[in-house]
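Participant: Each protein sequence line maps, in turn, to chains A and B. Position 61 (the first sequence) corresponds to 61 in the numbering used here; numbering is contiguous. Position 178 (the second sequence) corresponds to 178 in the numbering used here; numbering is contiguous.
A few of these clues could be false.
All copies of an identical chain are treated as equivalent in the list; a pair is satisfied when it fits inside any one copy or across any two copies.
[What the hints assert, rightly or not] Distance condition first, Cα-Cα at most 30 Å in a straight line; then the derived DSS-like pairs of lysine-lysine: (1) K136 with K160; (2) K54 with K15; (3) K34 with K128; (4) K4 with K160; (5) K160 with K15; (6) K34 with K15.
Keep in mind that the hints were calculated from the coordinates and are not lab data.
Number of protein chains: 2
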Amino acid sequence: MAGKDIEVLIKQIAKLPSLGSRSARRIVLHLLNKRETAFEPLIAALNNVAQNIKTCEICGNFDTVSPCPICSSPNRDNSIICVVRDVADLWAMERVSLFKGKYHVLGGVLSAMEGIVPEDLNIDNLEKRVALGEVKELLLALPATIDGQITSHYLFSKFKDYNLKITTLAQGIPMGAELDYMDEGTLQLALNSRKVL
Amino acid sequence: MAGKDIEVLIKQIAKLPSLGSRSARRIVLHLLNKRETAFEPLIAALNNVAQNIKTCEICGNFDTVSPCPICSSPNRDNSIICVVRDVADLWAMERVSLFKGKYHVLGGVLSAMEGIVPEDLNIDNLEKRVALGEVKELLLALPATIDGQITSHYLFSKFKDYNLKITTLAQGIPMGAELDYMDEGTLQLALNSRKVL
Numbered sequence: 001m002a003g004k005d006i007e008v009l010i011k012q013i014a015k016l017p018s019l020g021s022r023s024a025r026r027i028v029l030h031l032l033n034k035r036e037t038a039f040e041p042l043i044a045a046l047n048n049v050a051q052n053i054k055t056c057e058i059c060g061n062f063d064t065v066s067p068c069p070i071c072s073s074p075n076r077d078n079s080i081i082c083v084v085r086d087v088a089d090l091w092a093m094e095r096v097s098l099f100k101g102k103y104h105v106l107g108g109v110l111s112a113m114e115g116i117v118p119e120d121l122n123i124d125n126l127e128k129r130v131a132l133g134e135v136k137e138l139l140l141a142l143p144a145t146i147d148g149q150i151t152s153h154y155l156f157s158k159f160k161d162y163n164l165k166i167t168t169l170a171q172g173i174p175m176g177a178e179l180d181y182m183d184e185g186t187l188q189l190a191l192n193s194r195k196v197l
Numbered sequence: 001m002a003g004k005d006i007e008v009l010i011k012q013i014a015k016l017p018s019l020g021s022r023s024a025r026r027i028v029l030h031l032l033n034k035r036e037t038a039f040e041p042l043i044a045a046l047n048n049v050a051q052n053i054k055t056c057e058i059c060g061n062f063d064t065v066s067p068c069p070i071c072s073s074p075n076r077d078n079s080i081i082c083v084v085r086d087v088a089d090l091w092a093m094e095r096v097s098l099f100k101g102k103y104h105v106l107g108g109v110l111s112a113m114e115g116i117v118p119e120d121l122n123i124d125n126l127e128k129r130v131a132l133g134e135v136k137e138l139l140l141a142l143p144a145t146i147d148g149q150i151t152s153h154y155l156f157s158k159f160k161d162y163n164l165k166i167t168t169l170a171q172g173i174p175m176g177a178e179l180d181y182m183d184e185g186t187l188q189l190a191l192n193s194r195k196v197l
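Just need the whole structure built from these sequences, with the hints factored in.
Facilitator: Pasting the structure below:
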């Protein structure tokens with residue numbers, strides 16, 4: 001059907017998240033049809049990232065420098081560390097442009113199903129950072145799933161003896177949501193944590 | 001939010017068909033998380049294709065060699081040329097494994113809206129192939145759209161004086177379709193072209 005090299009490329013692209021073999025084939029045809037305007041710039045951008053991107057030795061973020069700009073910024077608050085599951089969640093927090101502290105990427109959450117234990121996560125480095133004594137607050141911004149909550153509880157019990165405030169993100173009804181479409185768990189949670197206006 | 005190189009890569013990926021900035025970001029994070037198992041093989045596969053893929057000088061197909069394996073195959077019928085809009089359609093025909101002739105890729109169809117005129121299409125080369133005298137049938141497998149049909153008519157009038165059979169794909173109800181869900185145009189067409197059992 002297509003050359004062997006093309007088939008290999010289609011298979012590689014089809015493995016990427018949110019793509020299948022059909023969309024991979026469309027992408028490859030698009031690249032082959034626009035070699036100068038799409039194919040070459042894409043390869044250049046991929047090479048650039050592959051060659052230059054490092055994992056930040058302090059927080060685990062991805063950037064061209066290590067420590068990353070967030071960790072080395074003098075304008076960000078060293079006294080609060082926001083613990084996130086992965087770099088995707090770190091970027092999501094940064095898009096809000098509200099948090100001005102530092103981050104720590106765990107690299108996952110504890111999971112009985114997937115056999116992920118504390119030793120698999122980047123917790124030792126977090127403890128080293130906390131042990132330096134500058135940190136006053138640990139904001140656990142982990143997913144609102146069972147595994148995320150178990151991980152939050154684990155971290156709470158691990159760090160509760162340090163002189164630290166340990167916080168988590170508020171839970172409740174998301175902005176713009178219709179109550180009618182909310183699951184019961186969220187409604188219960190929002191009701192139990194109701195606030196005085 | 002992310003390093004500049006990463007942002008450039010996300011923008012490049014977001015331009016690909018069927019992707020947006022959100023899925024591009026997910027793909028980049030996936031690649032950064034799996035550098036050895038996903039990132040490096042993808043770059044290698046892209047480089048391989050970018051360096052080795054040629055456009056077949058005869059039919060316009062993409063392959064590592066030119067003429068492509070279809071054009072140079074001694075097992076395929078030289079007397080019939082299937083005219084397709086693009087390589088995607090050529091690959092679609094090949095997936096059926098039923099057609100054993102040769103192909104010709106037009107590189108588009110005539111379009112008043114997009115200002116595509118006959119000179120923009122790979123028609124001259126088709127005429128040269130036909131003029132060699134070996135071709136006995138031209139199968140116009142163009143899209144069943146207005147533009148596709150206009151292109152078929154144009155090709156018909158251009159090649160009708162050659163000693164050639166000019167055919168097109170049958171149109172009608174697709175396999176497995178409910179009549180109830182068919183558009184009226186298709187139903188009319190299927191009714192007008194009804195066959196004796």
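Participant: For the identical chains here, do K160 and K15 meet the 30 Å Cα criterion within one copy, between copies, both, or neither?
Facilitator: For K160 and K15, neither the intra-copy (42 Å) nor the inter-copy (47 Å) Cα distance is at most 30 Å.
Participant: Within a copy, between copies, both or neither: where do K34 and K15 come within 30 Å Cα-Cα?
Facilitator: Answer is both: 22 Å inside a copy and 12 Å across each meet the 30 Å cutoff.
Participant: My question is about K4 and K160: at a cut-off of 30 Å on alpha-carbon distance, are they close within one copy, between copies, both, or neither?
Facilitator: neither (57 Å within a copy, 38 Å between copies)
Participant: Give the relationship of K34 and K128 under a CA distance limit of 30 Å: within one copy only, between copies only, both, or neither.
Facilitator: between (50 Å within a copy, 26 Å between copies)
Participant: Is it within, between, both, or neither for K136 and K160, if the alpha carbons may be no more than 30 Å apart?
Facilitator: Answer is within; shortest intra-copy Cα gap is 12 Å, inter-copy 84 Å.
Participant: Please sort K54 with K15 into within, between, both or neither, judging by C-alpha distance up to 30 Å.
Facilitator: Both, since 23 Å and 25 Å are each at most 30 Å.
Against the hints set out earlier in the document, violations occur for numbers 4, 5.
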